[in-house]
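> Sequence:
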Amino acid sequence: MFKETVQIVYGALSWKVMRIRFRINYKKVILVLVNENRKLDYYAMVHLKDYMQRKYADEALILYADKTVSHMIRNIKTGVNKKVCQYPEKKIRRIYRYYSFFKFFDNIVFTYTTSPKDNQLGRVLKETQVNEEEAVCLGLYQLRKVPEIKETKRRARHV
Numbered sequence: 001m002f003k004e005t006v007q008i009v010y011g012a013l014s015w016k017v018m019r020i021r022f023r024i025n026y027k028k029v030i031l032v033l034v035n036e037n038r039k040l041d042y043y044a045m046v047h048l049k050d051y052m053q054r055k056y057a058d059e060a061l062i063l064y065a066d067k068t069v070s071h072m073i074r075n076i077k078t079g080v081n082k083k084v085c086q087y088p089e090k091k092i093r094r095i096y097r098y099y100s101f102f103k104f105f106d107n108i109v110f111t112y113t114t115s116p117k118d119n120q121l122g123r124v125l126k127e128t129q130v131n132e133e134e135a136v137c138l139g140l141y142q143l144r145k146v147p148e149i150k151e152t153k154r155r156a157r158h159v
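Per my numbering, the very first residue in the sequence shown carries number 1; after that it's consecutive.
The hints are simulated quantities; they were obtained by calculation from the structure and are not laboratory data. Even glycine gets a Cβ: it sits at the ideal position worked out from N, Cα and C. Do not take every clue at face value.
[To be verified] Taking lysine-lysine pairs in the BS3-like style, the calculated list, with each CA pair at most 27 Å apart, reads:
#1 Lys55 - Lys39
#2 Lys82 - Lys145
#3 Lys83 - Lys67
#4 Lys67 - Lys39
#5 Lys91 - Lys39
[Unchecked claim] Simulated restraints, written as ranges between beta carbons of each label pair:
#6 Arg123 - Phe101: 13 to 23 Å
#7 Glu148 - Glu4: 35 to 45 Å
#8 Met1 - Asn25: 31 to 41 Å
#9 Asn25 - Glu127: 29 to 39 Å
#10 Ile20 - Asn131: 33 to 43 Å
#11 Gln53 - Val130: 14 to 24 Å
#12 Glu134 - Met1: 16 to 26 Å
Please model the entire structure based on the sequences and the hints provided.
This is the structure we're talking about:
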């Protein structure tokens, strides 16, 4: 338990540093792609514009740790003002632990499905017939419906 508490404190400090470094405010959304489920990460990128409209945000910050995700990010045209940054996985995990302990910012989403143990996004994907696109739109981004994207079906095959 002491180790977890220390990780949460480190996460709080990492968040403060990230907030200053990237000038984070409520006009910016943060999407953290963790590469546990590639389709989930893909649909999170495809529907990022819809999420930004829901949050009335002007800019997106996309963080990732795994270099294989950068290729996918470059190939998807989101049509939004975004900044993409590779961030150390250790710091992302610390910030996520802090976020799991205390929801410090409403405009940040993580695509984790396996941690913490009772992760709702992972449970929805495993225990229901909801696909990744629906999970992103309705669960992760909390949109009222799954927006229609013309090229979604064609692009999904390439993920």
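> Taking the hints in turn, state whether each one holds.
Taking the hints in turn, this is what the structure says about them:
1. For the hint linking Lys55 to Lys39, the alpha-carbon distance of about 23 Å falls within 27 Å, and the restraint holds.
2. A threshold of 27 Å between alpha carbons decides the hint, and for Lys82 with Lys145 the separation of about 24 Å falls inside it, so the pair holds.
3. In summary, the hint linking Lys83 to Lys67 is supported, as the alpha carbons are separated by about 16 Å, within the 27 Å threshold.
4. Distance check on the hinted pair: Lys67 and Lys39 sit about 16 Å apart at the alpha-carbon level, within 27 Å; holds.
5. Only pairs whose Cα atoms come within 27 Å are accepted, and Lys91 paired with Lys39 is accepted, the gap being roughly 23 Å.
6. The given range of 13 to 23 Å is respected by Arg123 and Phe101, whose C-beta atoms sit roughly 19 Å from each other.
7. Restraint check, Glu148 to Glu4: a C-beta distance of roughly 42 Å satisfies the suggested window 35 to 45 Å.
8. The given range of 31 to 41 Å is respected by Met1 and Asn25, whose C-beta atoms sit roughly 34 Å from each other.
9. Between Asn25 and Glu127 the C-beta distance comes to about 36 Å, which sits within the given range of 29 to 39 Å.
10. For the hinted restraint 33 to 43 Å between Ile20 and Asn131, the CB-CB distance of approximately 38 Å keeps it satisfied.
11. Range check, Gln53 to Val130: about 22 Å between beta-carbon atoms, so the 14 to 24 Å window is met.
12. Between Glu134 and Met1 the Cβ separation comes to about 36 Å, which falls outside the hinted range of 16 to 26 Å.
Hint compliance for this structure: hint 12 alone is broken.
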